[in-house]
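Counting the sequence shown from 1 gives a position; the numbering used here is that position plus 519.
These are computed hints drawn from the structure, not numbers from a lab. Keep in mind that a hint or two might mislead.
[Said to hold, decoys possible] Label-pair ranges, simulated between beta-carbon atoms:
#, residue 1, residue 2, range
1, Lys731, Asn625, 22 to 28 Å
2, Glu690, Asn755, 32 to 38 Å
3, Asn755, Glu609, 39 to 45 Å
4, Gly531, Gly563, 28 to 34 Å
5, Thr718, Pro693, 17 to 23 Å
6, Ala614, Lys747, 37 to 43 Å
7, Lys601, Asn541, 22 to 28 Å
8, Met702, Ala614, 32 to 38 Å
[To be verified] As a list, the in silico DSS-like pairs of lysine-lysine whose alpha-carbon atoms are at most 27 Å apart:
#, residue 1, residue 2
9, Lys731, Lys557
10, Lys627, Lys610
11, Lys723, Lys646
12, Lys524, Lys701
13, Lys557, Lys663
14, Lys610, Lys533
15, Lys581, Lys602
16, Lys652, Lys613
17, Lys720, Lys646
18, Lys720, Lys662
19, Lys557, Lys789
20, Lys610, Lys597
21, Lys731, Lys649
22, Lys557, Lys540
23, Lys540, Lys607
24, Lys724, Lys663
25, Lys662, Lys649
26, Lys536, Lys601
27, Lys627, Lys649
28, Lys607, Lys533
29, Lys613, Lys536
We put the beta carbon where it would ideally sit given N, CA and C, even for glycine.
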Amino acid sequence: MESVKQYYDNYGIKEWKRLIKNPYTQLEFDTTLYFLRKYLPKRGLILDAGCGPGRYAVTLAKMNYNLVLFDLSPKQLKIARKKIKENKIEKKVKAIIEGSIVDLSNFKDNTFDAVLCTGGPLSHVIKYSKREKAVSELIRVAKKNAPIFISVIGRLGVLKHELTRNQQEIENYPHVVEKILKMGSYDGKIDFTQAHFFTIKELKKLLNNKVKILEIIGLEGLAALHEKAIIKLYKNHPKAWKTWWKIHLETCTIPSVAETSEHIMVICKKR
520 MESVKQYYDN
530 YGIKEWKRLI
540 KNPYTQLEFD
550 TTLYFLRKYL
560 PKRGLILDAG
570 CGPGRYAVTL
580 AKMNYNLVLF
590 DLSPKQLKIA
600 RKKIKENKIE
610 KKVKAIIEGS
620 IVDLSNFKDN
630 TFDAVLCTGG
640 PLSHVIKYSK
650 REKAVSELIR
660 VAKKNAPIFI
670 SVIGRLGVLK
680 HELTRNQQEI
690 ENYPHVVEKI
700 LKMGSYDGKI
710 DFTQAHFFTI
720 KELKKLLNNK
730 VKILEIIGLE
740 GLAALHEKAI
750 IKLYKNHPKA
760 WKTWWKIHLE
770 TCTIPSVAET
780 SEHIMVICKK
790 R
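Using the sequences and the accompanying hints, generate a full structural model.
Structural data, given as structure tokens:
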């Protein structure tokens, strides 16, 4: 986990900007918020596990939720503290804690009215046994019937990324691409950082009847890897963009669409 921590420490403010960099990257953010609004209770205490610089936390605090922020990276938490102060939401943030989602021992059982693990923190837990532990911890700290939101990086979305944006890696490092295909594993030695890329099947297996799955969403949906087209549509055709947003929301939960998205979110409820 040390290399992941270092990566996000170095990534710094870019993570705050990532989700609103352009209309395409904002699809992940806006789609996540749409489903948060759909399933969150009207009020309560939310754990934002893997909160990064607090992009979702700031938005949720402004919606009058109370939050606990939790992240592996001290640099990201430093940015989160700054953003919380800038947005004058200090009273809504009850704690900011550094740690790994594999160990939520800071929190008692059945503490939170909702649990978020968005942006892909679970994809940075490399060992399967530790991913099992992380999921168990996220469930443990949620109250009964509380919604749990977990987003991961999709394996097929990564392979599409290799084809459309990184063909040189396919040519120079075929063993790396093969390992992603067969195992979902990436050692982080070429680009990005250590990660595990998910299929929906293994995501469901990891949850293993511990929760009731409510929905599985492809956060970029049909638009996955079509960045230029989405930016053009948004900027040049606002009326068409509104139509596309409706199409996106109606199709992003289709299993084949979710499977090929860059980011996949599962929404479940603690039994």
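A quick look at each hint next to the structure:
A C-beta distance of roughly 26 Å is found between Lys731 and Asn625, which places it inside the suggested range of 22 to 28 Å. Checked against the hint of 32 to 38 Å, the C-beta distance between Glu690 and Asn755 comes to roughly 35 Å, which is consistent with it. About 40 Å separates the C-beta atoms of Asn755 and Glu609, a value consistent with the hinted range of 39 to 45 Å. In this structure the hint that Gly531 and Gly563 lie 28 to 34 Å apart at CB holds, the actual value being about 31 Å.
Taking the beta carbon of each, Thr718 and Pro693 are about 21 Å apart, inside 17 to 23 Å as hinted. Between Ala614 and Lys747, the C-beta spacing of about 41 Å keeps the proposed range 37 to 43 Å intact. Hint check: Lys601 to Asn541, Cβ distance near 23 Å, so the stated range 22 to 28 Å holds. Between Met702 and Ala614 the C-beta distance comes to about 36 Å, which sits within the given range of 32 to 38 Å.
Only pairs whose Cα atoms come within 27 Å are accepted, and Lys731 paired with Lys557 is accepted, the gap being roughly 16 Å. For the proposed pair Lys627 and Lys610, the alpha carbon gap of about 22 Å is at most 27 Å, so the pair holds. Using a Cα cut-off of 27 Å, the hinted pair Lys723 and Lys646 holds, with the two alpha carbons roughly 17 Å apart. Of the pairs offered as hints, the one joining Lys524 and Lys701 holds, with about 26 Å between alpha carbons and a cut-off of 27 Å not exceeded.
For the proposed pair Lys557 and Lys663, the alpha carbon gap of about 18 Å is at most 27 Å, so the pair holds. Of the supplied pair hints, the one linking Lys610 and Lys533 holds, its CA atoms being roughly 26 Å apart against a limit of 27 Å. Pair hint Lys581 plus Lys602 holds up; C-alpha atoms about 12 Å apart against a cutoff of 27 Å. Pair hint Lys652 plus Lys613 holds up; C-alpha atoms about 25 Å apart against a cutoff of 27 Å.
Only pairs whose Cα atoms come within 27 Å are accepted, and Lys720 paired with Lys646 is accepted, the gap being roughly 17 Å. A threshold of 27 Å between alpha carbons decides the hint, and for Lys720 with Lys662 the separation of about 26 Å falls inside it, so the pair holds. This hinted pair checks out: Lys557 and Lys789 have alpha carbons roughly 17 Å apart, not beyond 27 Å. Proximity of Lys610 to Lys597 is assessed by CA-CA distance (about 17 Å); at most 27 Å being required, the pair is judged to hold.
For a cut-off of 27 Å, the pair hint linking Lys731 to Lys649 stands: about 21 Å separates their Cα positions. Straight-line distance between C-alpha atoms of Lys557 and Lys540 comes to about 25 Å, which keeps the hinted pair within the 27 Å bound. Of the pairs offered as hints, the one joining Lys540 and Lys607 holds, with about 23 Å between alpha carbons and a cut-off of 27 Å not exceeded. Restraint check for Lys724 and Lys663: satisfied, since their Cα atoms lie roughly 21 Å apart, inside the 27 Å limit.
The hinted pair formed by Lys662 and Lys649 meets the criterion: a straight-line CA distance of about 22 Å does not exceed 27 Å. In summary, the hint linking Lys536 to Lys601 is supported, as the alpha carbons are separated by about 14 Å, within the 27 Å threshold. For the hint linking Lys627 to Lys649, the alpha-carbon distance of about 19 Å falls within 27 Å, and the restraint holds. Between Lys607 and Lys533 the CA atoms are separated by roughly 22 Å; this keeps the pair inside 27 Å, and the hint holds.
Proposed proximity of Lys613 and Lys536 is supported: the alpha carbons are some 24 Å apart, at most 27 Å.
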